[in-house]
Each structure stands twice: as structure tokens, then as C-alpha cells.
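Peer 1: Sequence:
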Amino acid sequence: MLDVILVGFMGTGKTTVGEVLAANFRRPQIDLDAEIVAAAGKSIKQIFADSGETAFRQLETQVLQQAFAKSGILSTGGGVVESAANRKLLQQTSIPVIYLQTGPAAIFDRLKGDDGRPLVQQLGQAGLRDLWQRRAPLYQSVATHTVTTDARTPLQVSQQIQQLLSQEVVIHEI
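The sequence shown finishes on residue 174 if you use the UniProt record's numbering, and the numbering steps up by one all the way, no holes.
Everything labelled a hint here was simulated from the structure, so no lab data went into it. Keep in mind that a hint or two might mislead.
Distance condition first, Cα-Cα at most 25 Å in a straight line; then the derived SDA-like pairs of lysine to any residue [stated by the list, open to error]:
| id | residue 1 | residue 2 |
| --- | --- | --- |
| 1 | Lys112 | Gln122 |
| 2 | Lys88 | Ile47 |
| 3 | Lys88 | Gly124 |
| 4 | Lys42 | Phe25 |
| 5 | Lys70 | Lys112 |
| 6 | Lys112 | Gln133 |
| 7 | Lys88 | Thr144 |
| 8 | Lys88 | Gln122 |
| 9 | Lys70 | Phe25 |
| 10 | Lys88 | Leu165 |
| 11 | Lys88 | Gln140 |
| 12 | Lys45 | Arg134 |
| 13 | Lys42 | Thr61 |
| 14 | Lys45 | Gln58 |
| 15 | Lys70 | Pro96 |
| 16 | Lys88 | Ile44 |
| 17 | Lys88 | Ser51 |
| 18 | Lys70 | Pro154 |
| 19 | Lys42 | Val63 |
| 20 | Lys112 | Met10 |
| 21 | Lys45 | Gly124 |
| 22 | Lys112 | Lys88 |
| 23 | Lys70 | Asp31 |
| 24 | Lys88 | Leu164 |
| 25 | Lys45 | Leu59 |
| 26 | Lys45 | Gln66 |
| 27 | Lys70 | Gln92 |
Pairwise CB distance ranges (calculated) [claimed, not checked]:
| id | residue 1 | residue 2 | range |
| --- | --- | --- | --- |
| 28 | Gln122 | Gln163 | 36 to 42 Å |
| 29 | His145 | Phe68 | 17 to 23 Å |
| 30 | Gln91 | Glu53 | 20 to 26 Å |
| 31 | Lys42 | Ser71 | 25 to 31 Å |
| 32 | Gln91 | Asp3 | 14 to 20 Å |
| 33 | Lys45 | Ile95 | 14 to 20 Å |
| 34 | Gln125 | Phe48 | 18 to 24 Å |
Computed from a predicted structure; not experimentally measured. Note that beta-carbon positions come from the ideal geometry of N, C-alpha and C, so glycine has one too.
Kindly produce the complete structure, drawing on both the sequences and the hints.
Peer 2: Here's what the structure looks like:
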């Protein structure tokens with residue numbers, strides 16, 4: 001069973017924080033997007049181009065369900081909450097779901113020079129803010145905990161998550 005699931009908008013540090021947590025817990029780090037690419041045998045961009053978003057989200061749901069049986073730290077893609085099926089899976093699991101929350105201005109600053117994220121250039125700062133505002137309540141709806149990542153290092157964020165998880169274990173043991 002997974003130890004923790006990280007959700008949040010692109011650029012919030014899900015993959016990097018997941019790697020730090022995985023190293024600290026000595027557990028595998030599982031990147032949902034990488035698992036989708038492996039399952040499909042092609043890039044996410046190519047899945048969208050060949051089959052569209054609906055097919056991508058269906059595959060994402062299948063891979064997410066399969067990931068629940070694995071052991072480790074799961075970092076999801078920023079759009080995982082776009083699917084009602086994914087939200088339901090995340091809401092119903094007993095695995096802690098941590099929402100890495102970062103404000104839209106900080107996200108834009110982190111991502112504006114990243115050529116690997118064409119959506120950022122396509123949307124611009126205003127479009128990115130609109131997408132963030134639409135998704136923020138969806139992340140909150142699936143999260144058991146929210147951790148703010150603005151102006152914090154991945155190590156600081158992972159330490160806060162570890163503290164939250166250790167408190168949760170104590171609560172469950174009582």
C-alpha cells in the first residue's frame with residue numbers, strides 16, 4: 001500500500017518533494033505520469049494528440065487504481081483532479097493525500113522559463129491563474145492535509161509532511 005499521495009498544481013514540487021520523502025522513508029518514489037507513459041508506450045503529449053483528453057483520463061484512472069497496490073510515495077500529475085473518477089478514488093482511500101499548495105504567482109515564477117511545460121507559455125500568467133483557481137477547490141476536496149510550498153524548499157516541505165504523517169500514526173494507534 002502507498003505511504004502517501006501528493007497532489008497539487010504543476011510546479012508545486014510534487015515530484016521533487018516525493019523524491020525527498022522516498023529517500024527519507026527508504027521507499028520507492030512513484031510518478032503517476034511516468035507510470036502512464038510506461039503503460040501507454042508513448043508520451044502524455046502523444047496520448048493527448050492521438051486519443052484526446054478523455055482517453056488520457058481513463059488511462060490515468062486505471063494507472064492510479066493500480067498504483068494504490070504499490071508501496072511508496074506517489075506523485076500525481078497536476079490534472080489528476082480533472083477526472084471525477086480520480087477524485088472519487090482519492091477521496092475514498094485510507095492513504096493520506098497531501099495537497100501541495102502554491103499560489104499562482106509563485107507557480108508562474110517557477111515555471112515561466114521551463115520549456116518542457118508548453119501549457120505555461122500557451123496560457124500565460126492570467127490563464128494559469130484561472131486554471132489554478134478552478135482546480136484549487138478540487139485539490140482541497142481530495143486532500144487529507146494541505147501543505148503550503150510558497151518560498152519553502154522541498155526539504156522543508158517534506159519535513160512538514162513527515163511531521164503530519166507521524167501525528168496521524170499516533171492518532172491511529174490510540
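Peer 1: Now tell me, hint by hint, if it's right for this structure.
Peer 2: Cross-check of the supplied hints:
{"no.": "1", "hint": "Lys112 / Gln122", "verdict": "holds, 11 Å"}
{"no.": "2", "hint": "Lys88 / Ile47", "verdict": "holds, 23 Å"}
{"no.": "3", "hint": "Lys88 / Gly124", "verdict": "violated, 30 Å"}
{"no.": "4", "hint": "Lys42 / Phe25", "verdict": "violated, 31 Å"}
{"no.": "5", "hint": "Lys70 / Lys112", "verdict": "violated, 34 Å"}
{"no.": "6", "hint": "Lys112 / Gln133", "verdict": "holds, 18 Å"}
{"no.": "7", "hint": "Lys88 / Thr144", "verdict": "holds, 13 Å"}
{"no.": "8", "hint": "Lys88 / Gln122", "verdict": "violated, 30 Å"}
{"no.": "9", "hint": "Lys70 / Phe25", "verdict": "holds, 15 Å"}
{"no.": "10", "hint": "Lys88 / Leu165", "verdict": "holds, 22 Å"}
{"no.": "11", "hint": "Lys88 / Gln140", "verdict": "holds, 13 Å"}
{"no.": "12", "hint": "Lys45 / Arg134", "verdict": "holds, 22 Å"}
{"no.": "13", "hint": "Lys42 / Thr61", "verdict": "holds, 17 Å"}
{"no.": "14", "hint": "Lys45 / Gln58", "verdict": "holds, 15 Å"}
{"no.": "15", "hint": "Lys70 / Pro96", "verdict": "holds, 14 Å"}
{"no.": "16", "hint": "Lys88 / Ile44", "verdict": "holds, 22 Å"}
{"no.": "17", "hint": "Lys88 / Ser51", "verdict": "holds, 23 Å"}
{"no.": "18", "hint": "Lys70 / Pro154", "verdict": "holds, 23 Å"}
{"no.": "19", "hint": "Lys42 / Val63", "verdict": "holds, 14 Å"}
{"no.": "20", "hint": "Lys112 / Met10", "verdict": "holds, 12 Å"}
{"no.": "21", "hint": "Lys45 / Gly124", "verdict": "holds, 19 Å"}
{"no.": "22", "hint": "Lys112 / Lys88", "verdict": "violated, 32 Å"}
{"no.": "23", "hint": "Lys70 / Asp31", "verdict": "holds, 12 Å"}
{"no.": "24", "hint": "Lys88 / Leu164", "verdict": "holds, 23 Å"}
{"no.": "25", "hint": "Lys45 / Leu59", "verdict": "holds, 14 Å"}
{"no.": "26", "hint": "Lys45 / Gln66", "verdict": "holds, 22 Å"}
{"no.": "27", "hint": "Lys70 / Gln92", "verdict": "holds, 17 Å"}
{"no.": "28", "hint": "Gln122 / Gln163: 36 to 42 Å", "verdict": "holds, 38 Å"}
{"no.": "29", "hint": "His145 / Phe68: 17 to 23 Å", "verdict": "holds, 18 Å"}
{"no.": "30", "hint": "Gln91 / Glu53: 20 to 26 Å", "verdict": "holds, 21 Å"}
{"no.": "31", "hint": "Lys42 / Ser71: 25 to 31 Å", "verdict": "holds, 27 Å"}
{"no.": "32", "hint": "Gln91 / Asp3: 14 to 20 Å", "verdict": "holds, 18 Å"}
{"no.": "33", "hint": "Lys45 / Ile95: 14 to 20 Å", "verdict": "violated, 29 Å"}
{"no.": "34", "hint": "Gln125 / Phe48: 18 to 24 Å", "verdict": "holds, 23 Å"}
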